[in-house]
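Produce the complete structure using the sequences and hints provided.
Top line first, the protein sequences correspond to chains A and B.
Residues 1 to 425 (our numbering) make up the first sequence, in order.
Residues 1 to 425 (our numbering) make up the second sequence, in order.
Repeated chains share a single entry, so a pair holds when one copy, or any two copies, can fit it.
For lysine-lysine, the following DSS-like pairs were computed, each having C-alpha atoms within a straight-line distance of at most 30 Å:
hint	residue 1	residue 2
1	85	175
2	59	171
3	71	82
4	98	358
5	98	117
Worth flagging that the hints you see were computed from the coordinates, not collected in a lab.
One letter stands for each residue in the lines below.
2 protein chains.
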Amino acid sequence: MESMRNQSSNNAIVRMAAKAKAASMELSLLSTSAKNIALHAMAKALVQRKAYLMKENRKDLNAAQKHNYSKALIDRLTLDIKRIKGMAQCLLDTAKLKDPVGEILNTWKRPNGLVIKKVRVPFGVIGIIYESRPNVTSDCIGLCLKSGNAVILKGGKEAFYSNHAIFSVLKSALKNTKVPVEAVQLVASTDRQAVNILLRQTRYVDLIVPRGGEGLIRFVAEHSRIPVVKHYKGVCHTYVSDKADIDMARSVCFNAKVQRPGVCNAMETMLVNRKVAERFLPPVIGDLRAAGVEIRGCPRTRRIIGAGIKPATEKDWTEEYLDLILSVKVVDNLQDAIEHINTYGSHHSDAIVTKDNKEAGQFLKAVDSACLYANASTRFTDGYEFGFGAEVGISTDKLHVRGPMGLEGLTTYKYQVYGKGQIRK
Amino acid sequence: MESMRNQSSNNAIVRMAAKAKAASMELSLLSTSAKNIALHAMAKALVQRKAYLMKENRKDLNAAQKHNYSKALIDRLTLDIKRIKGMAQCLLDTAKLKDPVGEILNTWKRPNGLVIKKVRVPFGVIGIIYESRPNVTSDCIGLCLKSGNAVILKGGKEAFYSNHAIFSVLKSALKNTKVPVEAVQLVASTDRQAVNILLRQTRYVDLIVPRGGEGLIRFVAEHSRIPVVKHYKGVCHTYVSDKADIDMARSVCFNAKVQRPGVCNAMETMLVNRKVAERFLPPVIGDLRAAGVEIRGCPRTRRIIGAGIKPATEKDWTEEYLDLILSVKVVDNLQDAIEHINTYGSHHSDAIVTKDNKEAGQFLKAVDSACLYANASTRFTDGYEFGFGAEVGISTDKLHVRGPMGLEGLTTYKYQVYGKGQIRK
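Structure follows, in structure tokens:
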């Protein structure tokens, strides 16, 4: 019985993927204005149906309270009028972004007269697997449609009712637009078996984007037969050079750690050149501790600051705290800082503070990370801050898209070759 | 005992990958001229050591004869003076290509004064898994070094002695250059277990490129934890529209099928609009049959040409013959041709022959393949023909690189952000 039910649920996912693929072909040919009209219709529907959305969201909140979920999780789950308006605004903002589809990336002529154009095109079908925040449902549908992609969403069970409500409102809104309603799909089942089936639909699904904790992302990366764009974690560093403006270093490090510690672009390890350690560490650690940050220091850091600080262990150098905790290491020189980051880091976002442009250039060239900063906070790694308008995530992969993944990251390209009957000799 | 030997061979691959990663860091910082000097030294060494290379190649040829390998395979395996000079020339040509590393892909300034540069950088370590042709060893080392990447090669057992000889000559040639010798590595073992271990070195290897038959590529794609760039097969189409120049269509179709049938960009299926079928099919099929091509036709094709032609079965539409065989289908219109290609094709290279620019544009937009041609032979899908100088392969993937994969395809990018102390608010 169980296995029959599984079988039928498996078939449902295969059918859903096939429908999304067929819809994606239509969607890929739509004009920018047809896609923008659909985004406006969806935004309007969200606001009109706010009572229904909040009623469904209440079911998730009741279940969350019953399961004694954390306050932070319940806050992330909650949909109020302000948040619903925020989701609608995000769709309207996405409508304003430049359509990446059809952009000619390069064009050249060969000696035999062939004209080759490299043209930006949608992927086809994108699968997004995510946890808790219901606004992801709406944001991702908007970004995928604008970039000409059909989307299959698989949300977490905590937001089951909210995701279904948002999805059904958005899907209904598509009915009077040129966007085929089957271009948006939501996996009804909440179990991991459904994810497993989805991850094998190489014929229909072109790209998988997992959003959530490291456990979810590792599961997806290990089981997917479809290419995955992801980052596991953000172990971000700031290196304070002996040539740093000390006041700037103090402000940049404080911001990178404290402004929002629970996100992937927050600093987890601070590296300090030994020549400035005595001058720099006491004031910055004073600031950080006053803001409630727990410091874990290398032996040299502890010699300077005192034994009131916990010792950092080997494990601390690879840890993504996502919290008010910071590991601190005194290093001998630029080279040691680069080696530490390339060895222990997560290739996400790393910064140097220095007044020496040559040294900054060496750091930015040698560190193998998606986003490198000279004299700025690592907190700027973000689609909005980069000027991409919005993002579906951050990639620490090296293929295709690295760093914030906006509309452009949701497209690929094709070569279009124009001939006059050329044949190969 | 067996398992102990496996264990030690596994460890050898992990150590090799770690060394390649360390060398890749050095290599990524080298100047263009330092890399070109190394390419010249390698080219010189190949020619100087030609007697040694041919002696080692003899061992592979003897084994191949003993195993009764096909004439075609033995031909591909053979190294003579002309082919050794060809390998050397390829390295010299690679030295002449523009260095992609360090190219600034985009640069912009944010309202807060941050300057963001998107800069082209090497991947790090690239693993190449390939079959038979020994020149791949040399060509791939050249392309990887020029693009700033360390490379780990795993060749097939048929070319064991040849690959080792080429590898050791090239590696020795690096000794007096700035390129670290550990930037090139060859897996000594010839078993698949070695490949399996290599495919799990996500910490050290950034990209895998399999080159060979569909079986090898599927094995690699299924077992790799590292991103793979690949194409399984090339089921390429030419659609002859009712608006085609019939003479051009005849020449383009003949070229696409006959000029070199054993390669991935050769045509496997010809689609013909029903309005021109009576006029077009008899002459072109006459040409093709005279060149020894076996035709497998749909019912309408057979009605026109006669029962001397084999019927095409459903399986023919997805078959990569790599031989003088062609399936032919008469279709009602452009839309049916597009649907046939998107359903049965391999997303590699597809062409339309038409005088109508609007129709050509519709075809090039709607067909979901890496390379689309209007009025030219599909045989042009090739790094050299595209003007990339050389290629490590062709990609039908949608992430990162699509179509011919040259030096640019061997690089990724990073964002370098220049600030004046900006912090996130």
